[in-house]
Amino acid sequence: NAGVTQTPKFRILKIGQSMTLQCTQDMNHNYMYWYRQDPGMGLKLIYYSVGAGITDKGEVPNGYNVSRSTTEDFPLRLELAAPSQTSVYFCASRRDYGYTFGSGTRLTVV
Amino acid sequence: GNSVTQMEGPVTLSEEAFLTINCTYTATGYPSLFWYVQYPGEGLQLLLKATKADDKGSNKGFEATYRKETTSFHLEKGSVQVSDSAVYFCALSVLAGTASKLTFGTGTRLQVTL
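Chains as they are written, first to last, in this note's numbering: chain U, 147 to 256; chain H, 382 to 495.
Just so you know, these hints were derived from the structure itself, not from any lab. Note that beta-carbon positions come from the ideal geometry of N, C-alpha and C, so glycine has one too. Any given hint might turn out to be false.
The calculated DSBU-like cross-link candidates involving lysine-lysine, where the alpha carbons are at most 30 Å apart (straight line), are [what the hints assert, rightly or not]: (1) U:LYS203 x U:LYS155; (2) H:LYS433 x U:LYS203; (3) U:LYS190 x H:LYS449; (4) U:LYS155 x H:LYS441; (5) H:LYS433 x H:LYS449; (6) U:LYS203 x U:LYS190; (7) U:LYS190 x H:LYS441; (8) U:LYS160 x U:LYS203; (9) H:LYS433 x H:LYS458; (10) U:LYS190 x H:LYS437; (11) H:LYS458 x U:LYS190; (12) H:LYS433 x U:LYS190; (13) U:LYS190 x U:LYS155.
Ranges of calculated distance between the beta carbons of each label pair, as one might list FRET restraints [as the list claims (entries may be wrong)]: (14) H:SER439 x U:GLU225: 38 to 48 Å; (15) U:ALA148 x H:PRO421: 14 to 24 Å; (16) U:MET187 x H:GLN492: 40 to 50 Å; (17) U:GLY186 x H:GLU397: 20 to 30 Å; (18) H:THR452 x U:ARG241: 19 to 29 Å; (19) U:GLN168 x H:VAL463: 28 to 38 Å; (20) H:GLU457 x U:GLN163: 28 to 38 Å; (21) H:GLY459 x U:PRO185: 46 to 56 Å.
Here chain H stands alone, though its shape is the one from the complex:
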């Protein structure tokens, strides 16, 4: 079956530090990969996506590259801000039958301090 494994949190960083959140996946077929962010008390928001191998998704200074050879989609940001504090979910989607379905990792909480 499909599964997503991401590093456990919380990850605590000082403002302007470099961020990496690891994500690896197992999937049948050719998945699309996503990073979602959840701010306190809110629903999930799409942060970035990549739909094929070697694609790089980017948004708001965050980047992730779809690495088929290592089945990974690690999230990076060069300089985090306090406003980046949230829970980050890695997810994959494989078309199965008539509908694609998202499979999520367990989430990684990021805390950024001044």
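With the rest of the complex left out, here is chain U:
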């Protein structure tokens, strides 16, 4: 039972580069979320999805894009990386009150 799997675990990007953070869950949860965690701060919601084909913006969506073509996958895309996007990114899925979080992707933009 893998739960929520995020790849990669670590990545260093140069300013202006693009990348996709992968998130996969095997629990058949409809709801999925992307959060970022900055040092000394709580988690901020970037985007969320209530099911395949449906996504919506959270608190801090600028500079990111998402898609949800299947129930299992919810990738997060950074098109033009900026230093302000240096953070730890967490993907989560939910059924009822139970959120399951991935182990995170630590991204540094230099």
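With chain U held as given, fit chain H onto it using these hints.
Structure of chain H alone, referenced to chain U:
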């Protein structure tokens, strides 16, 4: 809007000491309240939850009671262990539209020493 305020850390305690981490919230509607724990290098894990006023969530010796009158959800444990060292996040969830979303506090780091 919704917000969660929790005490700043780090909180440093000796093993077997009593732990309290304060958490207060502001929310529209009727939130569910959560405590999550994050061990070093890992994602967040649900520690306990309460879905209505006066509910008590408990798990692994930790407890928190949903106090609507004081808008609080303080985390307590009677005797901490070194293995409890982690960052603890208070959070709330209010159903908004078609999806509930978690709003987190800034986290409190707990360090337990022998």
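These are the hints, each one checked on the structure:
Between LYS203 of chain U and LYS155 of chain U the alpha-carbon distance is near 24 Å, which keeps this suggested pair within the 30 Å criterion. Taking the CA atoms of LYS433 of chain H and LYS203 of chain U, the gap is about 28 Å. The hint holds against a cut of 30 Å. Only pairs whose Cα atoms come within 30 Å are accepted, and LYS190 of chain U paired with LYS449 of chain H is accepted, the gap being roughly 25 Å. Distance restraint check for LYS155 of chain U and LYS441 of chain H: the Cα-Cα separation of roughly 29 Å lies within the 30 Å cut-off, and the hinted pair is therefore satisfied.
Distance hint between LYS433 of chain H and LYS449 of chain H is fulfilled; the C-alpha atoms sit about 9 Å from each other, no more than 30 Å. As the CA atoms of LYS203 of chain U and LYS190 of chain U are separated by approximately 12 Å, the hinted pair is consistent with the 30 Å bound. At most 30 Å may separate the alpha-carbon atoms for a hinted pair to count; LYS190 of chain U and LYS441 of chain H meet this at roughly 27 Å. Straight-line distance between C-alpha atoms of LYS160 of chain U and LYS203 of chain U comes to about 25 Å, which keeps the hinted pair within the 30 Å bound.
With a C-alpha separation of about 21 Å, the suggested pair LYS433 of chain H and LYS458 of chain H falls inside the 30 Å cut-off, and the hint holds. In summary, the hint linking LYS190 of chain U to LYS437 of chain H is supported, as the alpha carbons are separated by about 26 Å, within the 30 Å threshold. For the proposed pair LYS458 of chain H and LYS190 of chain U, the alpha carbon gap of about 28 Å is at most 30 Å, so the pair holds. Between LYS433 of chain H and LYS190 of chain U the CA atoms are separated by roughly 24 Å; this keeps the pair inside 30 Å, and the hint holds.
At roughly 19 Å between alpha-carbon atoms, LYS190 of chain U and LYS155 of chain U fall within 30 Å of each other, so this suggested pair holds. Distance hint check for SER439 of chain H and GLU225 of chain U: the Cβ-Cβ separation is about 45 Å, which falls inside the suggested range of 38 to 48 Å. At roughly 21 Å, the beta carbons of ALA148 of chain U and PRO421 of chain H sit within the given window of 14 to 24 Å. Taken as a hint, the range 40 to 50 Å is violated for the pair MET187 of chain U and GLN492 of chain H, whose Cβ atoms sit roughly 19 Å apart.
Separation of GLY186 of chain U from GLU397 of chain H is about 29 Å and conforms to the stated range, judged on CB atoms against 20 to 30 Å. The hinted range of 19 to 29 Å is satisfied by THR452 of chain H and ARG241 of chain U, whose Cβ atoms lie roughly 27 Å apart. Separation of GLN168 of chain U from VAL463 of chain H is about 35 Å and conforms to the stated range, judged on CB atoms against 28 to 38 Å. Range check, GLU457 of chain H to GLN163 of chain U: Cβ separation about 46 Å, and the 28 to 38 Å hint is violated.
With their beta carbons about 31 Å apart, GLY459 of chain H and PRO185 of chain U fall outside the hinted range of 46 to 56 Å.
In the structure shown, a violation is registered for the earlier hints numbered 16, 20, 21, in ascending order.
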